[in-house]
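Enquirer: Those protein sequences? They're chains A and B, same order as listed.
Using the numbering used here, read the first sequence as starting at 1 and increasing by one per residue.
Using the numbering used here, read the second sequence as starting at 1 and increasing by one per residue.
Please note that the accuracy of each hint is not assured.
Derived list of chain A stretches under chain B, where covered just means 3 residues or more per stretch with a C-beta under 8 Å from a C-beta of chain B [as the list claims (entries may be wrong)]:
| no. | stretch |
| --- | --- |
| 1 | 106-120 |
| 2 | 159-169 |
Quick look at which bits of chain B chain A covers, simulated, 3 or more residues with Cβ under 8 Å [as the list claims (entries may be wrong)]:
| no. | stretch |
| --- | --- |
| 3 | 10-23 |
| 4 | 115-125 |
Cβ-Cβ distance ranges computed for the label pairs, FRET-style [what the hints assert, rightly or not]:
| no. | chain 1 | residue 1 | chain 2 | residue 2 | range |
| --- | --- | --- | --- | --- | --- |
| 5 | A | S5 | B | E176 | 46 to 54 Å |
| 6 | A | A95 | B | Q115 | 15 to 23 Å |
| 7 | A | T76 | B | G28 | 47 to 55 Å |
| 8 | B | D75 | A | G171 | 25 to 33 Å |
| 9 | A | T33 | B | P74 | 45 to 53 Å |
| 10 | A | T152 | B | G77 | 30 to 38 Å |
Simulated from the structure, these hints should not be mistaken for lab results.
All values reported here derive from a predicted model rather than from experimental measurement.
Ideal Cβ placement from N, Cα and C applies to all residues, glycine included.
2 protein chains.
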Amino acid sequence: MPDASNRRSTERTEAIMRTTLDLGQEIGYAKLTIEAVAARAGAGKHTIYRRWPSKGALLLDSLLCLHESALAYPDTGDVIADLRAQIYGAVDLLAGPSFGPLFRALIGEAQYDPQLAAALNERFITPLADKTVARLKAARDQGQLSPDFDLTLAMAILSGPLYFQFLITQGPLTHEYVDRILDALFAGMEPRPRARASRARPATSSVRPVS
Amino acid sequence: MPDASNRRSTERTEAIMRTTLDLGQEIGYAKLTIEAVAARAGAGKHTIYRRWPSKGALLLDSLLCLHESALAYPDTGDVIADLRAQIYGAVDLLAGPSFGPLFRALIGEAQYDPQLAAALNERFITPLADKTVARLKAARDQGQLSPDFDLTLAMAILSGPLYFQFLITQGPLTHEYVDRILDALFAGMEPRPRARASRARPATSSVRPVS
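Okay, chain A solo, but in the shape it has when bound (with noise of 0.2 Å):
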């Protein structure tokens, strides 16, 4: 019964992801061992091993697995609503108890682990920007963004703010933020012409007064 059998194995590495991010909660990440999870999980140290190298590589994917679908993204027709949705999605879980810490732990063990960063890149940062290159494209074809713009760039300009916010500054993830700074991109830096009034600037949240 190969169809009974797949789906044990799924059930036992979905039970093994599940124990991952429950401990790793409860104990934080410096403390979270594959032992300790193939204990309470009750299942073999090796077998963990056999799949996932490193705890950062079997956390990495519990996040993602159990996590993805908060990173969906909408097309409505309104790029901007669509970001706003897709980037609230994505603070909520950065600022969340069952995400954020182990995640950004994870990030920091990256900057020692270049086989982490690399997987960090392939399983979760190339996928989200594929994503957001393909909603940009269509919203780019319905003249609702810049022709100038340069897709390449669109998760470095888009989600850098993010990242510096929760990895550097570590202040608060907030809608208000990802609307400012969502308001600030697509406006840009450098002055406007004229004629303000006339322009075709997209039904978004009210522009900030500057300090």
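Since chain A is already given, all that's left is putting chain B on it; use the hints.
Expert: Coordinates of chain B only, in the frame set by chain A:
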């Protein structure tokens, strides 16, 4: 002779910081210890601990004091040229062998060590943000920056894409990357009204073709 005594103290401090960077570059952050710095610098371990509570704090100070001049902000009157010069200096540091790997490790450590994260912000990020905002405020007064641009976001928007490349994709940080990011941030993502030829775009490097 308080002057001579002060000078000796300053020289000792500088010798310890230089040794920290030299040794850190040789053996890497993970293997760096305060004991090893003390031994090589010919200083007492307690002398170092009296001043720096952890190797992270010692390394942060060493990186900042010995590279401060590389982060100066010019003011030639042309805001794009000045930002470009300052950010070129910053990415040269980040991409260089004496600063980059140790600074990367320090940010990694700051993901686990809230005291180090606070020191990084207080000693490095906030002073740089203040200089950036002051330079941009002058530019805004001269009409070189959109009057709507929210200056409190300046660091996140300008340096976010650099940290994204440095910490997440870990791709090369080149002057060409800086040029493309500045072009995109100044122009903005939203479509401009017609009559593009007449808009008062500062003379920056050419806009790259969109992929």
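Enquirer: Would you mind marking each hint as holding or not holding in the structure?
Expert: Now for the hints, and whether the structure bears them out:
| no. | hint | result |
| --- | --- | --- |
| 1 | 106-120 | holds (count 9) |
| 2 | 159-169 | holds (count 10) |
| 3 | 10-23 | violated (count 0) |
| 4 | 115-125 | holds (count 4) |
| 5 | A/S5 with B/E176: 46 to 54 Å | holds (53 Å) |
| 6 | A/A95 with B/Q115: 15 to 23 Å | holds (22 Å) |
| 7 | A/T76 with B/G28: 47 to 55 Å | holds (49 Å) |
| 8 | B/D75 with A/G171: 25 to 33 Å | holds (28 Å) |
| 9 | A/T33 with B/P74: 45 to 53 Å | holds (50 Å) |
| 10 | A/T152 with B/G77: 30 to 38 Å | holds (32 Å) |
Hint compliance for this structure: hint 3 is the single one not met.
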